Each structure stands twice: as structure tokens, then as C-alpha cells.
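**Student:** Residues in the sequence shown are numbered consecutively from 1454, following our numbering.
Derived from the structure by calculation, the hints contain no laboratory data. All values reported here derive from a predicted model rather than from experimental measurement. A few of these clues could be false.
Within a straight-line C-alpha distance of at most 20 Å, the following computed DMTMM-like cross-link-like pairs (lysine to aspartate or glutamate) qualify [unchecked claim]:
#, residue 1, residue 2
1, LYS1507, GLU1486
2, LYS1507, ASP1518
3, LYS1507, GLU1517
4, LYS1507, ASP1489
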Amino acid sequence: MHLRARITIIFRRTNDAEIVRQSTDPDNNPIPEGLDFQSWVEENELVIEIQSNKGINSLSATAEDFLSSVDLIIRVSEDFDKGLQSPLN
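Construct the complete structure from the given sequences, taking the supplied hints into account.
**Tutor:** Given below as C-alpha cells:
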């Protein structure tokens, strides 16, 4: 069974979408066998496409992992923009 999911996340600025895409690239390599993962930016939208030959659970887990990474990147970026400092500084 071949499954495909496409997720689009809309940002206020194109730069924000590109930062998130670049920040998640290291997490996506190497891709496990039976999965294909691509991401790109279209204007202010980050588009993610996941394809799986390993079933719905694998596709769902991959999407969840990616979205968790996106959430973390966005929260850290928002804190940075607010001028919050790390407790380690």
C-alpha cells in the first residue's frame, strides 16, 4: 500500500517558513527505507510531503515527529524574538 500525506503550514513571513524548513532538514536525513520525505517553501507556506510504503502507522509517526520539531523551532524562535535569554547565559 502506498500512502501520501501533504501538510501545509502558513507563516506570516516567507523568511519564517524558510528558517523552519532549513532547521528541520538535518532531522530528515537519512530517511528510513520505505519512506520518502520532501519539504519546500512556496511564498509564506512550508509544504511537507511524506510518502510511505510501510503503512499508516509509519506515515502518522513520521508526520508527528516532523510536526513536533516544527513546534519546537517555532517556540524557540518566538522566545528569541521576544528577547528572552537562555538560563545558561
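**Student:** Flag every earlier hint the structure violates by its number, smallest first.
**Tutor:** Violated hints: none; all satisfied.
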